[in-house]
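Asks: Put the two chains together into one complex, using the hints given.
In case you want the letters, here they are:
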Amino acid sequence: MNRLERGYRRLLLAYPRAYRRARADEIVTTLMEGAPPDRVRPPAGDAWDLVRGGLRQRFAPPHGRGYAAVAVVCAAAAAYLALGAAIRLTTTSEAGKDALVVAAAMLLPQDAPLVGDQERMLTAFGGPTRLDLTFAPQARSLDELTVVVRDRAIADGWVAGPIGAHGFTLERAGQTFDVTVANGVPAEPEAGGSFHARYPWPAPLLPVGIAAVVLGGLAGWLAGSWTLRRFRSRTPAGKLLIALTGTPGLLLVCAAAASTLAAALDATSASGATLFTGTFAEGLGLAGVAATPLLAGILPAADAAAPPRPPTDLVRVGIRAVTAVHLAFGVAIATVLVTFTVRMLATGADRVAMLSGAHDPKDLLPLPVYVPVALLYFTGVVLSPLLLLVSMPLLGVGRGRVSPVAWRVLLAAEISAVVLPALLLTPYGGDAARWWLD
Amino acid sequence: MQEPTFFILTALAEQPLHGYGVIRAVTELSGGRITLRAGTLYAALDRLTEEGLLVVDREEAVDGRLRRYYRLTDDGGTALSAEVDRLRANAAMAAARLRDIRLAFGPA
Chain A
1 MNRLERGYRR
11 LLLAYPRAYR
21 RARADEIVTT
31 LMEGAPPDRV
41 RPPAGDAWDL
51 VRGGLRQRFA
61 PPHGRGYAAV
71 AVVCAAAAAY
81 LALGAAIRLT
91 TTSEAGKDAL
101 VVAAAMLLPQ
111 DAPLVGDQER
121 MLTAFGGPTR
131 LDLTFAPQAR
141 SLDELTVVVR
151 DRAIADGWVA
161 GPIGAHGFTL
171 ERAGQTFDVT
181 VANGVPAEPE
191 AGGSFHARYP
201 WPAPLLPVGI
211 AAVVLGGLAG
221 WLAGSWTLRR
231 FRSRTPAGKL
241 LIALTGTPGL
251 LLVCAAAAST
261 LAAALDATSA
271 SGATLFTGTF
281 AEGLGLAGVA
291 ATPLLAGILP
301 AADAAAPPRP
311 PTDLVRVGIR
321 AVTAVHLAFG
331 VAIATVLVTF
341 TVRMLATGAD
351 RVAMLSGAHD
361 PKDLLPLPVY
371 VPVALLYFTG
381 VVLSPLLLLV
391 SMPLLGVGRG
401 RVSPVAWRVL
411 LAAEISAVVL
421 PALLLTPYGG
431 DAARWWLD
Chain B
439 MQEPTFFILT
449 ALAEQPLHGY
459 GVIRAVTELS
469 GGRITLRAGT
479 LYAALDRLTE
489 EGLLVVDREE
499 AVDGRLRRYY
509 RLTDDGGTAL
519 SAEVDRLRAN
529 AAMAAARLRD
539 IRLAFGPA
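Line by line, the protein sequences are chains A and B. Residues in the first sequence are numbered consecutively from 1, following my numbering. Residues in the second sequence are numbered consecutively from 439, following my numbering.
None of these hints come from the bench; they were simulated from the model. One thing to keep in mind: the hints can contain errors.
Claimed, not checked - What follows is a list of derived Cβ distance ranges for each label pair:
hint	chain 1	residue 1	chain 2	residue 2	range
1	A	G45	B	F543	54 to 62 Å
2	A	A85	B	E498	38 to 46 Å
3	B	V493	A	R88	48 to 56 Å
4	B	L541	A	A69	40 to 48 Å
5	B	R524	A	P300	35 to 43 Å
6	B	A529	A	L261	46 to 54 Å
7	A	V51	B	R509	26 to 34 Å
8	A	G396	B	E498	53 to 61 Å
9	A	G45	B	A529	54 to 62 Å
Unchecked claim - One side only, chain A facing chain B, incomplete, derived with CB under 7 Å:
hint	residue
10	L31
11	E33
12	D49
13	V73
Beta carbons are placed, not taken as given, at the ideal position from N, Cα and C, and that holds for glycine.
Here chain B stands alone, though its shape is the one from the complex (with noise of 0.2 Å):
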């Protein structure tokens, strides 16, 4: 899973967010390394609901503008869940290499 892809699922993980929200929390989740563009967001959020893993939630008009709120799925909600076990584990077994080297070196 891409870095993007998985701040869009966490960031729709709390509540069904429209489009101009989810690129707010991504920056806000990735303490602003990550900035979604438009065409971006939309490639991405186009692909996952195809992959099941959004579903548009409700639609609503604001000053005659559309927005349109997406919601993580069950197999979203599962998918991202795989992917924190994933890093999880990869970062359970660095950081345990990590200790092992400053037994090694460190000072006795």
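One chain only, chain A, in its complex shape (with noise of 0.2 Å):
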């Protein structure tokens, strides 16, 4: 291999492996068969064209059909997941807005009706909280009424800023307003002054926010590109369950960023812009969403040639098993007698106060686990000691055929499958017992 092929086989690094193994060789031949005979090395033009080639065969959606556009729809979905992901990130930490509500209405005299709202400004990022505060015409003067608001909020435990234009800047605890104060018509007519709040978005959402919405585009345009590669060469009912999955999943996210961004730039929306509140339907695209990829990579190809299935050993196959059942019995007559044991150690009960009826196992456990655990323990006291029967001989023909770790398992199994009955026949296990049947 000379110097120039070695130069071209290193640009196909940026093909697929598995590409690479069925094509390289081909591809080289031609390059090689094009090059000039006084060449040592790939030119640029070609270079370029095969790292453009590569990338594309490893991360662009396949041809036709509108695949790219579905591309697209991924990137766009994943970039708002991943905002609203930012923006719950940022936001847990922010101040609760009532507590702000609170305060903003501390401010206002209490002499008659108020009214108040509270907004997000959806451009501003960090920064103060403006508190706009409208008070119907009345007999002091806005400068009067500016002094009042201002002493309250001193009296309040705010640092005050000189009053400057009726307004002025009040500080507490990390927290800033800008209060501007003006004559006006409250927001509803009968009040005697409204107060209206308009927060910033925490500051550091601006760059976690672009850097999600940028990262997750990128992330949903890859894994998008790559579920539908791997959607083209899946068996017909294959695609039909990937469809089934990934579109309804895209749909819901895409309506729910749809409805986002309409009451987002809906001024009039009194509720001030819900952003990403993580409805159930949003929840269940997103479980679509991220289902799609997982089938895509599990389900067949269509045109796998099927590898020869090894010849099912039963052994291996009763072994398995066997030692399942076994572990399952156990694990639910040890969950009684655990159960029993840390109860009567928590509570300082003794035996006889445990079986007085105050301590019901089906108030101690939720009924998700004591439902299982009753049914395999009753089974399994029935059943563990004849599926003895069977697995014993197992234990005896498998050695040697099965991995020695599995060997040990089932030997694990059948030990418990003998002590935890028999523990159940000493007094103490027998009280247990009693204890779980009542």
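Replies: As structure tokens, this is what we get:
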């Protein structure tokens, strides 16, 4: 292999390994046949062309039939979900809005009915909360009202800045208000005054949000393209399954995104853009979107020549099944004994008190745990000894035919199948059994 | 149909060709206008194979190098002749318009 060929093979590393295995020799032949005899290294044009082709083979959606459009939708959906996560992440540390509303309400003199509302400033990141106080025209002048409000704030523990143009700043515990006082008609005419609070987004949301949109979009594009490439080579049934999982998932996420966007743009919305509340539909969509690549990953390819299945070894299958059943019975019986003991130790009750009915096992274990444990316990007590008649011969036959680990697990399972029911025959175990049955 | 695709199908219409053969034929057919590079060529060959317009005809080892020959399928021939009809209709229409203009403005 000469230097030129090595150079071309290095460039072909841009292609996925499976593709290289199938095509690299052929492509190198074409490149070498096209190269003039004096060429020693790949020209820049070829290099760029091969790298671009390789990246496309790795990351681009398949050709045609709107695959690219679907990949773009995947990118947008992932960007939206990532942005939602970024908003939740940054706003959880935000001081409670409701606390701010209370603080704002405290500033208004209580001599007239008050109304107030709050909204998010969608384009502001970091900085003070704007607080506009509007008073109905009254005897006191605006200057006087401003001083009154500022004095109330200072009395409430705020640090107030100097008054200028009917406004001042307030600071307390890292929170800042820009307060302006104005005459006008309050939000409700019969009220004496109203306040209108406008919050910025937390400052970290700007970089975090941009990164989330970019990285989320990129991840969505790559995952979408990968899924679509897998989708194309699945069996018809597999394709249907992938489509039936992915399409509703994507649609639900897109619908959530559209409604969020509409709420954010709707200036008249009184609730003030309730963003990314993580509704059920959104969660369902997220689950569908997440499940789709998994499905695409596990479903078999349509044209894969099915590898011949090794003949099933009944001993191996039997050992696995018997081990699983023994262990399930063992876990159930152990759960009963452990729950009885822990409850007794935790409450300081003695065995007689435990049987008094005050410590009902149905109250101690949540129902989804209690029901399977109860079923396995009863069947296990009856069937465990009988199952030993099958599993002990298997232990003898299976040695050397299954892995040492599997053999030892079976041994442990059989020991548990002897020891645990035997424990129930002791006086202590008998009390536990009676407690469980009662 | 994009021009490189058109020329690749045209090149293969005559006889099966291997990769470098396609590149040379396309350069020749396009009068030197289109020089395909390997990455572009193989992306196009993959796509056309997948669309059923091409198939691998045979493989040959020449001087220890693997050559794979591609051949036009019946679908490929149909697609190419449909494209030829389309181009011919376009050309005829444009030529007719040009004649009309010459009649209107040409020397009386």
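Asks: Look at each hint and say if it fits the structure.
Replies: Against the structure, the hints:
no., hint, result
1, A/G45 x B/F543: 54 to 62 Å, "45 Å, violated"
2, A/A85 x B/E498: 38 to 46 Å, "55 Å, violated"
3, B/V493 x A/R88: 48 to 56 Å, "53 Å, holds"
4, B/L541 x A/A69: 40 to 48 Å, "46 Å, holds"
5, B/R524 x A/P300: 35 to 43 Å, "40 Å, holds"
6, B/A529 x A/L261: 46 to 54 Å, "48 Å, holds"
7, A/V51 x B/R509: 26 to 34 Å, "29 Å, holds"
8, A/G396 x B/E498: 53 to 61 Å, "60 Å, holds"
9, A/G45 x B/A529: 54 to 62 Å, "32 Å, violated"
10, L31, "5 Å, holds"
11, E33, "4 Å, holds"
12, D49, "4 Å, holds"
13, V73, "22 Å, violated"
Hint check: violations occur at hints 1, 2, 9, 13; the rest are consistent with the structure.
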